[in-house]
Amino acid sequence: MQPRPQSHSAALGPGCTGPSLANPTPLAFDHQRQVAQAPSCGAEAFAVDPAALANGQPRKHTTYPYVTGTSVLGITYKDGVLLASDTLGAYGSTKRYKSFDRLRKVNESCIVGAGGELSDFQYIMRLLEELSDDDFCMDDGHTLKPAEVHSYLCRVLYNRRNKMDPLWNSLVVGGFHAGKPFLGTVGMQGTNYTDAHVATGFGNHLARPLMREHHRPDMSEEEATALLHQCLKVCYYRDKNSINKFTIAKVSAEGVTISEPFALETEWRYKLFENPAANAAGAW
Amino acid sequence: MFRNQYDQDNTTWSPQGRIFQIEYAMEAVKQGSAAVGLKSHEYAVLATLKRAPSELSSYQRKVFKIDDHMGIAISGLTADGRILCRYMRNECLNHRYVYESPMPLGRLVRQVADKAQMGTHYSHKRPYGVGLIVAGVDESGPHVFYNCPSGNYYDYKAFAMGARSQAAKTYMERQFETFADASLDDLVKHALQALQASLADGELTDKNCSVAVVGKGMPFTLLEDESLAPYIAAVKEEEPAVAEAAPAQGEAAMEAEGGAAAGEGEQQQGDGGDGDAGGQAPMEQ
Numbered sequence: 001m002q003p004r005p006q007s008h009s010a011a012l013g014p015g016c017t018g019p020s021l022a023n024p025t026p027l028a029f030d031h032q033r034q035v036a037q038a039p040s041c042g043a044e045a046f047a048v049d050p051a052a053l054a055n056g057q058p059r060k061h062t063t064y065p066y067v068t069g070t071s072v073l074g075i076t077y078k079d080g081v082l083l084a085s086d087t088l089g090a091y092g093s094t095k096r097y098k099s100f101d102r103l104r105k106v107n108e109s110c111i112v113g114a115g116g117e118l119s120d121f122q123y124i125m126r127l128l129e130e131l132s133d134d135d136f137c138m139d140d141g142h143t144l145k146p147a148e149v150h151s152y153l154c155r156v157l158y159n160r161r162n163k164m165d166p167l168w169n170s171l172v173v174g175g176f177h178a179g180k181p182f183l184g185t186v187g188m189q190g191t192n193y194t195d196a197h198v199a200t201g202f203g204n205h206l207a208r209p210l211m212r213e214h215h216r217p218d219m220s221e222e223e224a225t226a227l228l229h230q231c232l233k234v235c236y237y238r239d240k241n242s243i244n245k246f247t248i249a250k251v252s253a254e255g256v257t258i259s260e261p262f263a264l265e266t267e268w269r270y271k272l273f274e275n276p277a278a279n280a281a282g283a284w
Numbered sequence: 285m286f287r288n289q290y291d292q293d294n295t296t297w298s299p300q301g302r303i304f305q306i307e308y309a310m311e312a313v314k315q316g317s318a319a320v321g322l323k324s325h326e327y328a329v330l331a332t333l334k335r336a337p338s339e340l341s342s343y344q345r346k347v348f349k350i351d352d353h354m355g356i357a358i359s360g361l362t363a364d365g366r367i368l369c370r371y372m373r374n375e376c377l378n379h380r381y382v383y384e385s386p387m388p389l390g391r392l393v394r395q396v397a398d399k400a401q402m403g404t405h406y407s408h409k410r411p412y413g414v415g416l417i418v419a420g421v422d423e424s425g426p427h428v429f430y431n432c433p434s435g436n437y438y439d440y441k442a443f444a445m446g447a448r449s450q451a452a453k454t455y456m457e458r459q460f461e462t463f464a465d466a467s468l469d470d471l472v473k474h475a476l477q478a479l480q481a482s483l484a485d486g487e488l489t490d491k492n493c494s495v496a497v498v499g500k501g502m503p504f505t506l507l508e509d510e511s512l513a514p515y516i517a518a519v520k521e522e523e524p525a526v527a528e529a530a531p532a533q534g535e536a537a538m539e540a541e542g543g544a545a546a547g548e549g550e551q552q553q554g555d556g557g558d559g560d561a562g563g564q565a566p567m568e569q
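These protein sequences, in sequence, are chains W and R. For the first sequence, counting from 1, position 28 maps to 28 in my numbering; every step adds exactly one. Offset between the second sequence (1-based) and my numbering: plus 284.
Hints in this document: simulated from the structure, not taken from any laboratory.
Simulated restraints on C-beta separations:
no., chain 1, residue 1, chain 2, residue 2, range
1, R, 367, W, 126, 28 to 36 angstroms
2, R, 289, W, 126, 47 to 55 angstroms
3, W, 179, R, 384, 18 to 26 angstroms
If you want the ones that stay clear, here's a sample from chain R, every Cβ over 12 angstroms from chain W, calculated:
no., residue
4, 307
5, 334
6, 341
7, 410
8, 464
9, 485
10, 488
11, 508
Just so it is clear, the structure is predicted and the values come from calculations on it, not from any experiment. Glycine included, every Cβ here is placed at the ideal spot set by N, Cα and C.
Isolated chain W (complex conformation):
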């Protein structure tokens, strides 16, 4: 992967690199970078806007997330991996964007799900799409394996964290390669691990206990889906920043399918909910 000329246009803001078409292609397209022997893979993702660094100030506006997604759940089953999440992009406590796909396909053997700052997730998806496009253009049969996607994302997130300009995401990478399912997670500091079932955010507290109790690596797809529905329900009940609109993504030997959004049955008619002010001490 050769680094491409980037457009650090002020219109896009610092820390953002635009498409190379924003710059006219120089006649002398020099692949060499300032430092001899600088790597040619991973270069773009790790690039920091030099203009901002020149100011000497650490960047502050990327140290707080604005539009966020909540938990992502992932489990392996006999023939592959299932990821699940809701489709909400929350703006603080406002449930602002209710149809945001937080589970995306990378290639035929890999999917990625994200919680946290959704614009950073879109940037990450752009990086992954560029890698997949490169693979397609090389046309040599090699595609990114799920473990390679996971490793790449670890390096990107860790690198950005070291530059004090994190990509504010908790990612789940799921895939199926060489007959084996792969499931891993990467946090915004670059913390990463692989496991048979993972969850980000609130899901770690709400869903993992259920997964620990019910998950088996040889589950069938129906059992795995039922377990995920159960976990999603709990997350919806207990997580304030969630809505009753979910998608489930599946990777298996046949490839990737991402379901249409669906809702789950929930029960709210509890007696104590009927008159919420009954035991309140009174308001001002």
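Model the placement of chain R on the given structure of chain W, informed by the hints.
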């Protein structure tokens, strides 16, 4: 190829559509000592003849490990070869760091070729004067590639380059159909026998050649001196049967794939000068 008015620099085309400086760079590869690469379904093998600048010095290294799953043999300007070797090692290391997996050979070879092409594109640069045989194993099996100073790269089943390499090519053209299923020992012996065809005088010893092997379960291993001795001995044992030394006429041998037996006896002449049998247009289309 003679001096002419179109060979002054990199950026001048001849009326026949040739850039002579690039072709002269490819000649530099033919000045280096011979190197061969071949592969089977499971292994890829490199073998090179080492030269010593004088009796007092050690032999010049020609085989370099790039990563656990690949290595190169160089022929031509050694200094250029070292730079490309360093570039390849860097790329492999970075690939391992970012993706935690070995770099696919085709990608790296393509990157090296793109880098070499840049040297042929500008008047303020010169082409690299070194040819690389890249041998390695990745997910799609063993590979042998050849990187040319022109910036081209080729996928080979077996290849030889350097001085008097036509003789080695001839040997391999006759035998390459047996390579696919050959055992590792047989493959190394074939490599050494091909190399022997390129020897001007003297014999193969464990001091003047080096061999490297890499395979699916076997990381890139350099065989030199003691570890090479058994293979040299095995080749020497079979010497009488290997009397089909190279014919001087490169062209004639090209099509004599199966008909080797007829030519055996009379082609015992030395293999002088056919290494640069440049009768074929060096510019591969």
